[in-house]
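J.: Mapping to the numbering used here: the sequence shown position 460 is 446, numbers consecutive.
FYI, nobody ran anything at the bench for these hints, they're computed from the structure. In this text, all values refer to a predicted model and were calculated from it rather than measured experimentally. Some hints here could point you the wrong way.
Unchecked claim - Lysine-lysine pairs mimicking DSS-like chemistry, simulated, CA-CA at most 30 Å apart: (1) Lys157 to Lys574; (2) Lys94 to Lys7; (3) Lys294 to Lys69; (4) Lys396 to Lys430; (5) Lys175 to Lys94; (6) Lys396 to Lys578; (7) Lys328 to Lys559.
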Amino acid sequence: MTYQAEYARSIEDPQAFWGDKAAALKWFRVPQQILSRDENGVERWFADGELNTCYLALDVHIEQGRGEQAALIFDSPVTSTQKRYSYTELRDQVARFAGVLSAQGVVKGDRVLIYMPMIAEAVIAMLAVARLGAVHSVVFGGFAAPELAVRIDDARPRVVVSASCGIEIAKVIPYKPLLDDALARAAHKPDACVVLQRPEVKAELLPGRDLDWQAAMAQATPADCVPVKATDPLYILYTSGTTGRPKGVVRDNGGHAVALKYSMQAIYNMNPGDVFWAASDVGWVVGHSYIVYGPLLAGCTTLVYEGKPVRTPDAGAFWRVCAEHGVKALFAAPTAFRAIKKEDPEGQLLQQYDLSKLQTIFMAGERLDPPTYEWTRDISGKPVVDHWWQTESGWAICANPVGIEMLPAKPGSSTVPVPGYNVQILGPGGDELPAGEQGILALKLPLPPGCLPTIWGDFERFKSGYLSDFPGYYSSGDGGYKDADGYVFIMGRTDDVINVAGHRLSTGEMEEIIAAHPAVAECAVIGVHDDLKGQQPVGLVLLKDGVELDEARLEAELVASVRQVIGAVACFKRAVVVQRLPKTRSGKILRKLLRQIADGNEYSIPSTIDDPASLAEIEAILNRRGLLGKS
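Please model the entire structure based on the sequences and the hints provided.
T.: Below you can see the structure in the form of structure tokens.
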């Protein structure tokens, strides 16, 4: 079937389309009610169906005779360890840890908070919670105690699962003191904490509350899968919100399983036995969807990587993992490839590895600028697929559907809407805009399976945050446009559009031009307050390693490039070289924070920031250049 035929059917008859996709799963009770509305008036998928996500991810494959196939590969360059788990071995570990949780009173519907590094046990814990029909909430290992406490109070977990430490580049981070601090701050107190002792740090366990992972596993009775309704929650995942309160995205069991299994074939072209690597973290939605659940639902082998794209040990790390484990599809954020490009711009380290099994490189998590797209494609010789999705969607909204039909790529575009997603570009009044005109990306309801049905404990926040801007649509908060061929171009968050003397300009378009300069590894353009023009764009530029260039000359060249492409209307006159850009741990540049710094506004350092010291550095540089505190 062609993409156009598949997509048309998904939009014209969504119930028949998703009913067929649901038939690919082994349900405990096959759903007859494909689409219905819940008590809040929200469309829900497969409401009368019953299943267990852990059963679909593990037990089904064993029943089909593939128990000896590799399910999970753990690769940790920071500890020089590797381990493989077959489907049978992983199922047995998961069932036993489900028994540990069950012995602590965890039952269907209870929450379990998981605070762990990128190790196999984090995946085991997630699947064990799902096996019991409980709800997991994964919080990044090493997350600050105050923010962890807020999430504990919001999710109210019966049990917390953690590890004694996490390991960053040449740095060991003890987790237990952070967890103890968070639990002291939180009003809610869990019944127990299960702690995995790692060799690098031994944690002190509190008698009566804390359990040693290994000791508890030795005594546990393996637990069976507990059937749940398709609409029962599988997990809560906290994402950044506009208020200080955590925003817990809820994912249900049934729609999630159907969507992810479909996506593994339709988008990623993965089949049972293929090796899939999402180079992310289980603390992010990519980790939930494509380290843990998607690959295992599809019967693939998934990779858990405890390392970085660079300096563990070098910029050839990704290529080494792909070659060593026979990876068919690699998925990472553009920032990872920009880091590789910065340290190995000619791709010399890549030449050491056999990438013959690697077929496709996928990127998501932030906008993929054309220079990064083109560099990765040219260096690797592999097709590069940009796809766009959100924590809220749980899987790709727009992509090149490799498993259906590989469409011609257009740099800067995440290609076309994925079957099931009715993507529209709307103006401020809710009118659909013509091709080429920038507006707000909105999804016509109903959302396909796998998308969030609510915010944990706060449906009104879900309604006001996503459904109120345009009745009948989910508002994504991202801006962009469609071209005449229906290709979608994401230009960034709607607040990344700046107003220069009445002209609305996309910072993403300016970043695209700046990043094309041969000396530039990465950049961010922010709108800084200007008394005369409202805002003026300022470029923050990170140079490739080994590049020595007069900053004034670079600024002049970048100004000329922006003027040539966009015109004088952009008023782009300032470019500043910085040593690093403030990012979240998933690699997203904190542009709003940069604007607040440049405008001299008060700001709070977000809990998700990876490198807080970068803020002071940039503030000092902007101050030296006379660009600070103009508001």
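J.: Confirm or reject each hint.
T.: A quick look at each hint next to the structure:
Our distance criterion of 30 Å between C-alpha atoms is met by Lys157 and Lys574, whose separation comes to about 22 Å. A distance of roughly 26 Å separates the Cα atoms of Lys94 and Lys7; the hinted pair therefore holds under the 30 Å criterion. This hinted pair checks out: Lys294 and Lys69 have alpha carbons roughly 18 Å apart, not beyond 30 Å. For the hint linking Lys396 to Lys430, the alpha-carbon distance of about 25 Å falls within 30 Å, and the restraint holds.
Distance check on the hinted pair: Lys175 and Lys94 sit about 19 Å apart at the alpha-carbon level, within 30 Å; holds. In summary, the hint linking Lys396 to Lys578 is supported, as the alpha carbons are separated by about 28 Å, within the 30 Å threshold. With a C-alpha separation of about 25 Å, the suggested pair Lys328 and Lys559 falls inside the 30 Å cut-off, and the hint holds.
Checked against the numbered hints above, the structure breaks none of them.
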